[in-house]
Every structure is written in C-alpha cells, then in structure tokens.
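A.B. asks: Sequence:
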Amino acid sequence: MQTAAKLQLQQQIPEALKLWLYASGSLTQQLTDLAGGTFQVEPLKEHYQRLNRRDAQWMKMPIQHTSWVRESYLYGNQKQPWVKAKSIFPILSLNQRARIFKHIGTKPIGWFLFQRTNPACERRVLWLDDGWTRQSCYTWHGCKFIVQETFLPAFEQYIQQPK
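The sequence shown begins at 493 in my numbering and counts up by one.
Read the hints as simulated data drawn from the structure, not as lab findings. Where a beta carbon is used, it is the ideal one built from N, C-alpha and C, also for glycine. Any given hint could turn out to be false.
[As the list claims (entries may be wrong)] Here are the simulated DSS-like pairs of lysine-lysine, each with C-alpha atoms no more than 25 Å apart in a straight line:
hint, residue 1, residue 2
1, K599, K576
2, K594, K510
3, K537, K510
4, K599, K571
5, K576, K510
6, K510, K571
7, K552, K571
8, K537, K576
[Said to hold, decoys possible] Between beta-carbon pairs, the in silico distance windows are:
hint, residue 1, residue 2, range
9, I583, P535, 32 to 38 Å
10, A515, K552, 35 to 41 Å
11, Q549, W619, 19 to 25 Å
12, P654, Q549, 40 to 46 Å
13, H595, W619, 20 to 26 Å
14, A612, T530, 27 to 33 Å
15, I555, A508, 20 to 26 Å
16, W603, Q653, 44 to 50 Å
17, L620, A515, 26 to 32 Å
18, K510, H539, 28 to 34 Å
19, I583, A515, 17 to 23 Å
20, I592, L618, 16 to 22 Å
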C-alpha cells in the first residue's frame, strides 16, 4: 500500500483502537489483562482451503498450497465476543513444529506462540466487513502462518468506556 493510502487509512481508525491494532506481543495476554484475568476462546470452524493469492505471496508460499484454517471468537469479561480470529496455517508449517496449533482446542494460539519466544512478525491493518482488522504474518521456529484479528463492536464500546 502506498504511503498516502496508509496515512488515509490510519486517520479513519478510532483513536482508542489504534493502540490495539498496532500493538506487538500477545493479544491473548493483552485482552486477559484488560478483562481482569478473564479470557476465553470459542472455536467456530476448522477447515482446509487453498491460500488466496495475497496470503500466499505474503508468506512466500505457492498459490495452490493448501492451508488449515481455524476461526474462533475471543471473549474478555463480557457476554459478547471482542475479537473474531482467523488463523491460516499452510500445510508445510503444519508438517513442522506448528503442528501443535492443529490440536489446541479452546486454548489461545498466543499462549503457545509467545511462550518463551518472540516470533518475527509482519503486520498489515485493514477494514473488513466485520470491522478493523490486523493481520500478522508470523515466522515461528521456521514456520510461517497468518493470524487475523478483527476487533468487534463490543470491544470498541468496552475500550471507549470511561474507566
């Protein structure tokens, strides 16, 4: 994205949300801290699909490559979900150390991803139908994968409340 387009996009992001979209480190830990120790993952769907062109290029994977996709909601201390998460693991990564992510159930990916490590991360921020989204392309123990986190209206309302 060109610099002017990036600047225009950043100007549209609500101030309270910018901190969250551009934060580094574990979103799992950050949400847990915000919610006073409460955090929950609700898996929605797990399936296989081919990588789209944009994601394949970002991860430097063949376009025809198949990936395993995990979609879930992340909850803080409210009944409404705060984040809609989507993780995209190319099969090449699942054949390596990232295979643990396929069997974590209701555990957060961040708990494994940031345990005793600080993985390399490239990030892009964009607007999707569900809201403001950050996409992170991680390189973790030689494995590449994408974690997409869309901040939902309930989260935006929560962080804009006076404390």
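A.B. asks: Compare the structure with each hint and give your call.
C.D. replies: Structure-based check of all given hints:
no., hint, result
1, K599 x K576, "15 Å, holds"
2, K594 x K510, "30 Å, violated"
3, K537 x K510, "28 Å, violated"
4, K599 x K571, "18 Å, holds"
5, K576 x K510, "17 Å, holds"
6, K510 x K571, "24 Å, holds"
7, K552 x K571, "39 Å, violated"
8, K537 x K576, "12 Å, holds"
9, I583 x P535: 32 to 38 Å, "20 Å, violated"
10, A515 x K552: 35 to 41 Å, "25 Å, violated"
11, Q549 x W619: 19 to 25 Å, "20 Å, holds"
12, P654 x Q549: 40 to 46 Å, "43 Å, holds"
13, H595 x W619: 20 to 26 Å, "33 Å, violated"
14, A612 x T530: 27 to 33 Å, "30 Å, holds"
15, I555 x A508: 20 to 26 Å, "37 Å, violated"
16, W603 x Q653: 44 to 50 Å, "27 Å, violated"
17, L620 x A515: 26 to 32 Å, "18 Å, violated"
18, K510 x H539: 28 to 34 Å, "32 Å, holds"
19, I583 x A515: 17 to 23 Å, "30 Å, violated"
20, I592 x L618: 16 to 22 Å, "28 Å, violated"
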